[in-house]
Amino acid sequence: MLQRRSLQALPVIVGVSVLTFLLLNLLPGSIALAIAGPGADPQTIKAIEVQDGLSKPLWDRYWQWLWHAMQGNLGRSLTSSESVTSLVAHALPVTLEVIIIAQVVALVLAVPAALAALADRSGRTDRLLGAVAFAGVSAPHFLWGIILILVFSVHFHLLPATGWVPLTHSVGSNLKSAVLPATTLGIGEFSFYMRILRGDLIDQLREEYVTTARAKGLSGSRVLVGHVLRNSLFSLITVVGVNFGKLISGAVIVETLFALPGLGNLLVTSIYQRDVNVVQGVVVLTAVAFVIINLAVDLLYSTIDPRVRYAVANG
Amino acid sequence: MADMTAAVSNRSVWEDRRLLALDWAVWIPTVLLVALVLVCFLGPVVFGLPAPNVTDLLHPRAGLGTSGHLLGTDELGRDLLSRALHGGQVSIEIGLGSVAIGMALGGLLGMVSGFTGGWVESLIMRVLDTFLAFPSLILALTVAAYLGPSEGNVILAIAFFTVPTFGRIARAGTLQIRQRDFVLSGVLAGARSWYLIIRHVLPNILGGLMTYGLLTVGVAMIVEASLSFLGLGVRPPQPSWGGMISEGKGYLSDAPQIAFVPGAFLFLFVALLNLLGERLRSRHAVGGER
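Sequence lines, in order, name chains A and B.
For the first sequence, my numbering assigns the number 13 to the initial residue and increments by one for each residue that follows.
For the second sequence, my numbering assigns the number 135 to the initial residue and increments by one for each residue that follows.
Derived from the structure by calculation, the hints contain no laboratory data.
Only a predicted model underlies this, so the values are computations on that prediction, with no experimental measurement involved.
You may find that some hints are simply not true.
Short derived list, chain B residues pointing at chain A, Cβ under 8 Å [said to hold, decoys possible]:
1) Val188
2) Ala267
3) Phe268
4) Ile272
5) Thr276
6) Tyr280
7) Ser284
8) Pro390
9) Gln391
10) Ala405
Using 27 Å as the maximum straight-line C-alpha spacing, the simulated DSSO-like pairs for lysine-lysine come out as follows [as the list claims (entries may be wrong)]:
11) Lys188(A) to Lys383(B)
12) Lys258(A) to Lys383(B)
13) Lys188(A) to Lys258(A)
14) Lys68(A) to Lys58(A)
For each residue, glycine too, the CB sits at the ideal point set by N, CA and C.
Take the sequences, apply the hints, and build the full model.
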């Protein structure tokens, strides 16, 4: 199972690298010109092309890039001449921290909200929470972000509107600078999780084991928390895992809005500066991470739920 | 899922339409959406609004209800209502255009792979899987940066990432329809694959594709706004909702309307689309989205 599923992921990872490489190397405008800067004379450009191997055929360059990439060398930034790996290593913790806090915030709010909605099914609380969740999925992250900035930074001066304090500097200030971006990112996820969990809880309540548990004399709340919620949380794990990848997209927006030095910000700045090596490195890494996360979630899920393992083995 | 599909197809089309028309959760958002589209495209002329890029430097950052500028002005004194409506035209065109391309291409690839099977199916599905492996905004961002900022290019960039999902839905639908007696008898009678795909498969999976398409229009509009917000959408000064919000984020304390007027339009439009799409999806329960 592990082997088969992992083997399926391999061609996708190769495809991702080919696609990214092609996309960026067919860019109009020469890469050498971007390195030399505007107004460079033809000789300088030619020299850079020879030096960086840009005059070689596309496939040669792809193999060379892939060979280096597999050894952890993604090339150098064309603008700062720092290695792409070190740029990513500096940016990644920021993005990870924001995404993880966002997931925690979303889950911590979504589980009680779903239970509250369930307890008051079709009542006022249920409808209100449903409306909130619906609003949450109907607007882009940056719209919630500017509302949060307006309330918490502009009006109440509680939290900084932009900027980032590294965790190593000061834990308190770091959390303060992470709260608004993470909440912005978490609003959409909260809505998403709450809706899924509520739907799944309702489905679970129709199952026969609920009737059995009640017939055995267990109280309603014990059935709900001990059996129904437990089962529903299993399926939520898949969604939460897959969402890590989706949150990478959201992080691009949030990091730009709050001026955080994360992976998304690095990507957008590099796109502006036509820094092909960095864009290539970041895009490939996020896509590969996305594939690996999905794989890990599948495997984790089949470990938790024997039925899935059985179905896959026979499928 | 299979028996639900059968139940839907057995109900007569006429009965289905009548039920649809009676459902207020379908027609209210539909009427509002049509009204909003009409206002965006005809409003600037009908209300005699100033052109979207005309600056009024005597009245920069005017508030809501200023005479001559109903929803106020931005930092250059440009009329926010006019800009929001023109930006709406761009958003709607991009949302519909990208989904139409994505649905046509994805639907075609999905039907062909589901109907043909074999190595063609494996090849198409593996390529689509590769595209699905990119986080959607990252893919759109890279393609948009690669193509350069213009409305047509943004449509292509967004269509790019909608293709795989439409492909998967179309394939799942095709696999179900292919097993049905009317298709099998067509195959036995010697009908060509193309004929069977267009005559039998397409009409049966179109409902599911369209419903998913409606929800995707909302997603596409959010992605468009995100691209414009990042400065990779349509080229300024052409207004777009995302671009306007980005311009307004620097004036949140003294002129929040610059960001919130386009924000409200975007929210309203996407919310109505989601409301309609979810209602239709729960009614139809067609397709094999996984």
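Each hint tested on the structure:
1. Hint status for Val188(B): violated, given a least beta-carbon distance of 26 Å to chain A, over 8 Å.
2. Hint status for Ala267(B) relative to chain A: holds, with the closest Cβ pair at about 5 Å, below 8 Å.
3. Of the supplied interface hints, the one on Phe268(B) holds, with its beta-carbon coming within about 5 Å of a beta-carbon of chain A, less than 8 Å.
4. For Ile272(B), the interface hint holds, the least distance from its beta-carbon to any beta-carbon of chain A being 6 Å, beneath 8 Å.
5. A distance limit of 8 Å between C-beta atoms decides the matter here; for Thr276(B) the minimum to chain A is near 6 Å, and the interface restraint holds.
6. For Tyr280(B), the shortest C-beta to C-beta distance to chain A is roughly 6 Å, which falls under 8 Å, so the interface hint holds.
7. The restraint placing Ser284(B) at the interface with chain A is violated, with a minimum CB-CB distance near 13 Å, outside the 8 Å limit.
8. Hint status for Pro390(B) relative to chain A: holds, with the closest Cβ pair at about 6 Å, below 8 Å.
9. Residue-level restraint check for Gln391(B) is violated (minimum Cβ-Cβ distance to chain A is 11 Å; threshold 8 Å).
10. Hint status for Ala405(B) relative to chain A: holds, with the closest Cβ pair at about 4 Å, below 8 Å.
11. Restraint check: the Cα-Cα separation between Lys188(A) and Lys383(B) comes to about 20 Å, which is no more than 27 Å; the hinted pair holds.
12. With a C-alpha separation of about 24 Å, the suggested pair Lys258(A) and Lys383(B) falls inside the 27 Å cut-off, and the hint holds.
13. In summary, the hint linking Lys188(A) to Lys258(A) is supported, as the alpha carbons are separated by about 24 Å, within the 27 Å threshold.
14. At most 27 Å may separate the alpha-carbon atoms for a hinted pair to count; Lys68(A) and Lys58(A) meet this at roughly 12 Å.
When each numbered hint is compared with the structure, violations occur for hints 1, 7, 9.
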